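Residue numbers (our numbering), protein chains in the order written: chain S, 1 to 724; chain W, 1001 to 1730.
These are computed hints drawn from the structure, not numbers from a lab. Keep in mind that this is a model prediction, so the values were computed, not measured. Heads up, some of the hints might be wrong.
Said to hold, decoys possible - Here are the computed distance ranges between Cβ atoms for each label pair: (1) S:ASN434 <-> W:GLY1195: 52 to 58 Å; (2) S:GLU171 <-> W:ASP1095: 24 to 30 Å; (3) S:ALA176 <-> W:ASP1205: 48 to 54 Å; (4) W:ASP1438 <-> S:TYR673: 57 to 63 Å; (5) W:ARG1143 <-> S:PRO173: 44 to 50 Å.
As the list claims (entries may be wrong) - Here are the simulated BS3-like cross-link-like pairs (lysine-lysine), alpha carbons at most 25 Å apart as the crow flies: (6) W:LYS1424 <-> S:LYS596; (7) S:LYS585 <-> W:LYS1643; (8) S:LYS273 <-> S:LYS585; (9) W:LYS1424 <-> W:LYS1455; (10) S:LYS637 <-> W:LYS1591; (11) W:LYS1643 <-> S:LYS273.
The beta-carbon is built from N, C-alpha and C at its ideal position, and this holds for glycine as well.
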Amino acid sequence: MSAVRSIAALRRAIALSALVLGAAAPVVAQQPIKPLSLAAYLDMESVSDPQLSPDGQRIVYSRRWVDKMNDRYQSSIWIMNADGTRNRFLMDGSSPRWSPDGTRIAFVAAGSPRGRQIWIRWMDEEGATSQITRLLESPSSIEWSPDGKTIAFQAFVPESLDSSWRIPLPERPEGARWTANPIIEDRLNFRADGSGWSPRGHQHLFVVSAEGGTPRRLTDGSWDHTAARWMPDGRSLVFQSLRTPDAEWAWRESTIYSVDVASGAIRQLLNRKGPFTAPVPSPDGRLIAFGGHDWVDAHYWENEIYVMNSDGSNVRAIARELGQEPEVAAWAPDASGVYLNVSVRGAQNVWFAPVQGEARAVTTGQHMLSLGTMSGTTVLGMREAPHEPGSIVSFDVRRPADVRTLYASNASLLADVKLGEVEEFWYRSVDNLNVQGWIVKPPDFDRARRYPLMLQIHGCARGMYNFGFDFAAQEHAANGYVVVYTNPRGSSGYGSEFGNQTYHAFPSKDYDDLMAGVDTVIGRGYIDQRNLFVHGSSGGGVLTGWIVGHTQRFTAAAARAMVSDWMSWVGTVDDARWYRETFAKYPWEDPTEHLKRSPLMYVGNVTTPTLVLTGELDLRTPISQAEEFYRALKMRKVPTAMVRMADAYHGHTNPPSNFLRVQLLLRNWFERYAVGGPRVDTNGDGLAAAPSLGPVNERAASLDPDSDVPGPRGVECVVKSNTQ
Amino acid sequence: MTPRRAAAAAFAVAVALACPAAAQQARRPLSLDMYLEWESVQDPQLSPDGRQIVYTRSFVDPVNDRSQAALWIMNADGSRNRFLVDGSSPRWSPDGTRIAFLAPGNPRGRQIFVRWMDDEGAVSQVTRGLEAPSELEWSPDGRSIAFVTLVPEPLDRFWQLNLPGRPEGARWTAPPLIEDRLNYRRDGVGWTPRGFQHLFVVSADGGTPRQVTQGSFQPTSRTQTRESAGVTMARWMPDGRSMVFVSLLVDEAQYTWRESTVYSVDVASGAVRQLLDRRGPFENPVPSPDGRLIAFQGYEWTDAHYRENELYVMNRDGSNVRTIARELGQVLDNVIWAPDGSGLYFNASMKGAQNVWFAPLSGEPRAVTTGAHMLGMSTNAGILAVGTRSAPQLPGSIVTFDLKRGDEVRTLYFANATLLRDTKLGDVEELWYRSVGDLDVQGWIVKPPDFDPAKRYPLMLQIHGCARGMYNFGFDFGAQEHAANGYVVLYTNPRGSSGYGSRFGDEVYQAFPGKDYDDLIAGVDTLIGRGYVDERNLFVQGASGGGILTAWIVGHTNKFTAAVARSMVADWVSWVGTVDDTRWYFETFAKLPWEDPSGHLERSPLMYAGNVTTPTMVMTGELDLTAPISQAEEFYRALKIRKVPTAMVRLTDSYHNQGARPSNFMRGQLYMRNWFERFMVGEKPATNGAMQQARLEGFDGRRDSAVTRTLADDLASMDAGPTRTECVAQ
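This is chain W alone, in the form it adopts within the complex (with noise of 0.2 Å):
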């Protein structure tokens, strides 16, 4: 472990080397308004003939609180580094002469555009359908584009009311709302409309999409993004004729678990054929060039908690499935065959760290870069790959590399460079422990920027959220403005964590929270062997799992000072009816509460209320639909009862993802800090001079209690707020 570390610690300084002239400059502490200039980079994409990069860029709007992005365009050795067009999700077309993108048009919400790539630079919008399309694939000749898109399906007639003596003009009440659906509402979106998505068909020069799927159905494709429910993922064969798709065609489709395959559809004809006959969680198919072979990803169907994805190719006609590669972390991200067909490209997060891997048709798999980093490949050319990198002092970068020679990574574009040239980040040390069961954990240290040893600081031990999350090389905003605030941030990745193999990831089966537990707490051992923690200022925080485990803590230890669970499940038994998804349960409990409650008792935090002498600040966000507010609710009454010290902060227009909103990511930052430091002993860390200076504002007594603002549209997630740790239901 110790030359891993010596070799991130090298990375680290290369990194900071490369924004020139660093060293020089007077250096100050990250502070917290640094968060509203901040940016990063997203999807680039190569055009065919490997000359030009098109990438999306993502800042904060500090007027408006959310984040935006556009389309940018630069030259494949970096130059030429300009604005393009307003929009997301760039796609060249196969002869690279127009771009199909989504942005805002008529008649409402996100619309396919086509851009010609020629320097009249037209702008055609091609669809105009009432409801957004989304997962654009261009088809083999260019003629056409494929996309999925809602179909809506009304709520049966037989609700309607004869509601008598109602005048003209009247202004009443507004109707109920009537669900009669398993699942009827999404994190991130609200109250789900009813209907299905479906596969569509448009010209690429425009006109009526014709609708290439039917029926009712639901797939539960457990990568599939979650504001898609129906036909996803669907990839064109090279032949143009059909396309191969995901999705569950069963009648109660919303019952299953765990449970999508792969079909294929004749685009004329609609005719619909079921590939792959196997029960288990199989999605994301590629064609490959020839059209001869198919790829996908899954494992058979198991109740495990976690379970890696298996690699695998068939035969176009579904025959002849084989494994190709297994055991390399938990989703294999952005499949791409090699041109020559000979086998697959794709990223693969492991130990903290991403890379490429190739895994041949025949043979081993290999890893194509190295590097304690987060380095995914989006799009090739040939052997020319186009990338984003990001690493504990690295914000985000487009990078490209040779897929035969992947130690030679060209850094094209650095995120904040700027921003950062000035400013003195905290040192990331990575670290393993060995925990119970001799289990070896890995974690990472984030000091103040201007630590010494000889000192004692308090320590901040932030925990991921998802059992299964996974934190790693990439840069970290918020630990990094915690450690400028005077704290040791400790994250680790305890049992359960995704990347560390599917025996690791399985250690929480049927036992979260458990040993994830002795974990975290060995972690804050490790550290405090080190000698420089104050033992006095021991703080906990984390959302999601990570409150979840917070509020666990504070149940089994009286060792922290003061601790702030966010987005927390306190009571798994009124989860099961509120959570969004149900198939989150089926994750966490082989029985329902009414067949067996007993685990469901033994693995809530409430049931441990009784010994919690921390003070512990529970904050969630009004809207979330994952770990509802009455979580929270739940836990803060419970204290409060006992008169535990503890504040129910409710954030507002705020999902699951706190960070969401720019402003609520500072104001989380910084309750945090107002949390832990009311029972901080002793001297209080300074705060940073900007910070000194901001306005005090920030909160309400009292606010009418109905959230009406929808956040759906403006809510594109920041990649550059605090490390990527969500999880979605298989």
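Next comes chain S alone, as it looks inside the complex (with noise of 0.2 Å):
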């Protein structure tokens, strides 16, 4: 009944180029095979962002990797030759970016007087390193100007609160320490997940001499500026925005504008209603091509692919349906079509987009393939596979199959690491719906055997499942279990029809995808049906939470981030406009389906013992949300525990050690209630020294507003907005 899909072949290419890629580590195949220890995550590293010089002969890029000691993620800038060699640390920092002559590269790095600031190194033997901005907010998105004497940058402009909001306290005395005066809040929106309290002011465009000196703000009034570039006569910027009353009520809008540059000067280019986004002029200015779609008021919208003549004039579509939000990551050098980023049915390919005629494809194949830069017709990219975690490639755009790795992460910690196999499926739910996942196995996997099962659902009903490498799922499957996740009806890369099926229906028939899935794995013969667990995080919370409240099937289930009252999340999430995703009404005007969708009015169905982790600093699915569910159940008496995490928004695994205390947390609440045969064995790591859960109410919560960038795997959500 299920159609599955083998990739038996593709597996096999890949655990080969796996091996070519541990040739770094000599003698792979001889060495030990161990399965995956919680312990190397710790020893991961990523890499991201490369960035080739414009004479195509040198790659700077970012490595991440994790501080042991301060428990957050670290990153530098790396370089290498073109080829992969002479691979070596260039400097702390991050977002490089070369000068359009290739003498120089400007990045961002922690400078005087606070914060980051903007960089110029010199890319000669001397290597002069300068600071070119001393602002008091830290810029972002530089952009060198095409003739390479100016950077443009984005930069928060602080606004006060008016001032009639001061009060005539009485005087206080000399050296009183009073309580801090309260937060006066009159925004919409006034905080936001991953930050924290929401500083008034916004972002503006601003342009710096390439030799450091003042810089200066183009672009003026209380709205946000965002995702600038340079048009090739270095007159003006084109960049997107929402210069509107009231913007910060829209919903799903945002237009491309220009400014010029010496005067400041600001027009609309484009006149449409909708969420027109990141504009990126071609190589002779004539034309710019820009992502978005007309106003509508779907769930799920593919964005289409468009260009415009340099003025805003005759706007046609060049692509569409080819993924939430295909990325235009480089005009072609001759101006005839842009190259894409598309993710599909969990794969990501390199496209092209020819100003007249068809998208196609340029690059295939099973895995999570990006270009990030071009120098003629070499690209240099970025590719994730089951087994891969992440490595840098390049290849020419005439023979896309011959793909190059240069630098493949992890190869050494990996070379004596025995993986799961990972294997795509697809199956049929209800409305003959074809949905796609995969399973993760044990492994040294033996099908006569019978495994408890895991399903993992993604966050944010859009998201996406994919090729990548995914440790979490790895780790879960090196003690034993039969992972399974899968990209239910809502998600992205399937169309626009498969992404909207949820459109004012989530969670509805997305359940019956994810029973459907686990029925198509147990119809495989190897899943121990008295320990099926089920967990999920944002989207996958709601989704885990609404699976308990209608079913009774699961042993266990763990609700992360979760949100449970759809009525007390519009006052409470960090940006009102989530809610109009989700709902037609609001619950004042009409609140039927909100109680209908919310997995708190089905709590009284609840056998299931359900577990509820929420990082406290949550403010995209706040803590409360998981509370109203503890609490629900708890009256209930249906075994339950509430995990806060510490120093943790939405993305909860962040600090690392947090990804750990998910991973183990998962499991020791499964196995309080795994049936039968021993506990699966858990791996052997620290279990010495077992580290006491520590004070419970007296813990300083100490925030690292350094840390950055979340965990693994990237199945996260935005929101489709006026400008960021």
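Put the two chains together into one complex; each comes in its own frame, and the hints tell you how they fit.
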């Protein structure tokens, strides 16, 4: 019944390429093979943002690793030759960008007086490095001007709360230590997950000389201005904003503007309602490519790729239905079209959309392959695959099948590790919908045995599980679980119609899709049906809460970063626009749908032992949502516990030690209720010296503002919004 | 009602005259900075020989932004009033030679101290436990002191994780907080430690305390301090061999609601026996002087919103339970046996006044004192009783009176007398009016100091917390300070309030908010009928239950010019999972949201946000655990989505009681008027001089959202603050 598409051939190819990569760590095949250990997470590194020099000779990129002492991720900039040789550290910092003539690199690094600043490094033998901004608010999104003399960037410009809020508080005595003033808030959206309370103010565009000096602000008003790119003549920048009154209330609206660098005059180029984003000028400056779609009240709508003349006229779509947000990665040097990074059906590949004609795939394969930068016909990019955590690759667009791996991260770490097999499968769900999923098996999988099954559910109804490497799933598999993840209706990458199946209907039949996936895997005969477990985070936490309210088939469940009550969510979620993605009406207009789709309303049916786990700082699905579900289960005396992750926002597997804790806590909970047999073997790491739980009530929240980047796997989603 | 009002006014004049030569001085209105000098008195304890009074004085520490308390002593005639020792909860030993009290000590937190009341005055710390003791009780022979304290229990060890790869000296993020209890935090305290309160006994000469009760249990008594859970209200039997106490020694007691009963424990063996076998919130056992009877209060279990306690007596073995008083207010306070065992004295709060009553073992209860005031007896020695009194223009004083002749009340010490001598307070007028259902409702009007009935004043309606609160004849600094700034302040006790009988209080059974709204609006209309209110400038504010009603009001009428909903609940559905104590929920709803959400929706202010046009500020303490700030966020966001003028004020270091920090009390006063005066029509009321000179300050647009400071130790609540209207979960 399940239309399984075997990927054995591809897997062999990947395994082979892994061996080839492994050549750096010689005689891999002869090493003792062990399963992935949780401790290996602390040694995992990742690579990102490769940038090819304009002459195509050199590559700078970012490497990130775990700082085991300080429990955070750290990154720095490395450099290598275009053939992968002479791979070496260059400097601390991030976002390296070559100057157009290749003589310099601009990058962002910590500087005075505080925060991050823009730096320039000359790429000659002297290697002089100069800090060129000294701003109070950290700059970001740096863009070299075409002549290499100026750098455009975006930075926050604070605005202050209206002084009418001052009150005549009686004089305080000298040296008084009074409690701090209250926070007064009068904005619609006033905090953001991952950063906390949002400072008052907006993002503006600036330019600064590449030789340093005073930055000049280009934009004005109380709006955010983002995604700026230079026009090739160097006279203006195009950018994304929504410069209208009450922009704060708008939903899925942003458009394209240009600003004249000399005069600061701003002109709206595109006059359409919808989320139009990320303009990219063609090399000859005649055209501008961008993404988006006309305004629609859908749950999910795939962006189209448009081009327009540089004055905003003659807007036409050149690609559509290529995943949620195909990214315009580069124009062809001859301006004949744009290269896109396209994510569909769990795989990412490079596509080409000509200005005239049909879009076509440039690369194919079951991997996550993306184009980073181009020089001539040479593409520099990144690739990830089920057993390949992340590599820097290059290929020629004329010979896309010939992808060269320049640097494979974690190759030596994984050289003597036996990973679980990852099997793609397709199955049929209700309404005859075909759904894609993956099965991760224990390393020494024996199909004659029966394994506990762990269903994991992706975040955000619009997420997409994919062919990327999944440390968390592999580590659960290494502990004896068959891990299943699928992309139920509502997921990205299967077309607007599939994605929009959850239009005003999340959760609903996505539940059926998940159950059909579990049934399919059970049908394979190697699942111990007494031991079915389910967990998920964010949207996956909502579905986990929903599942235990709709079936008693699972042995235990863990709902992470969940929403249990849509009514209370509207007022507590960080960004009010999230709400519009899920509901047509507000609770005070008509609460029916909110109740009908809230896991809390089905708690009366729950018998499954259910753990709720949320980051204490979560602002997307605030911990009050977990408290509501936890308390309801507790009142009904259903086995439950609430785990509140310290220092964690919505992505509660950050900082790194929290990733380790979540992996262990999930199995800790599941194994309390596992039926039969000995407890599945837990690896053996760190059995000695179990750290205590620590004082429960006296914990100082020490939030490290520098810890960036979430954990391993990107199934997060973004609100389709006005600006960022 | 008119004679009553006249009596109140006459009393106010009498009180004002008691502040000497007040009339002759140049008088200025009350100013907000006076709050920093405010003092209050509590808990006077008469020595067994009736000669000395030890009492607690609280004052504002204007440097450290908190209230502080110390023990003072004076002779029973009010002379030789002087500082005794830092500490609280003083209790005379039965022979009057010593005082036991609580004060900070070694190794941490509060400890029990004993002070000899002789010329030497030696003070000894008699406990050194890790957990703070409370509820001190001297044994009848004066050799031991009983107390209760927390016995911690650890979290199940199966939760320990074998976290790999942590290097020596690493600074990793803290472990998660893991919770598996039904109720796990408490407003005013924060996260509650795991464990239960048990009864201990320690020698009055110091030594190792002995744990008397054992086990894991949690009572649900309604007037126990919300800080305790386990054994509470323990009292010695006169033979000194056993104690009676309140608890609920059943499995899963935390799931019960309004259930507690009376037990006795043999102090030597620890053997516990249940004396009372009735279901209901029974509490506060008081043995008779001869040990033959035990008085207690409570009522048979009911799901009513409000039910007034009955006073019972039973034989010491629990037999022959009979009621000796009923319908004398919600809770009878400070129940004390007459020395001859003929009946019980207690404080009863009714119709906005508190007085001392006597209930004989047979016969009808009768009032010992009368008057439009808040008079509370705390101890007696024979027929001499000592207590405190507060009245509309009298912030709080220590008084004595004769239990035989309650009309002769002597004031020994007036708090704030000097501070108020040059201050002209606003007149406080009691008011009765008729509301829907022909219900008579009591209220009070506080007028600006130079009130002129020919002028028209902005009106500020303030609404009490907790449907069961009771505004009263006590002094209200908050209202007086608003009145000093030109507002006519109105507060009333709508249906559901305490002190008007079980039936009146239960009018909001499964109906809060409901017709209490009509009662409030009828009060406003009554006052408008007086002709001195500027109808263009009607304002409303309230905290807790009053915050809910404020939000309800703006969803049901557009008559108010602006509103401030403080510490509100906007959404009953989300409240069930976020309120500190699940028992709150049962007081308001028969069903849980997942059983039937219709009542919750119907009574949630959020559901009426679509009707709101009144500019409405929401103000909540960031640490509030009773009406968590997520409730304020829900209402704020709804108004903001609808583009109704609104702002959210998040008070720092504040639990549900927003005024616990003196600076936050002042900020609350000022932000309310700041908001109202943005929308005020016509001339704004003059603020008084002291305020205009004050430095302007007061807001942060941004702060780190992680709030870390804990308040548990320095939030002694100030009785001097606005009228106390808090309520406790039954």
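Query - Violated hints - listed by number, lowest first - result: 2, 3 and 6
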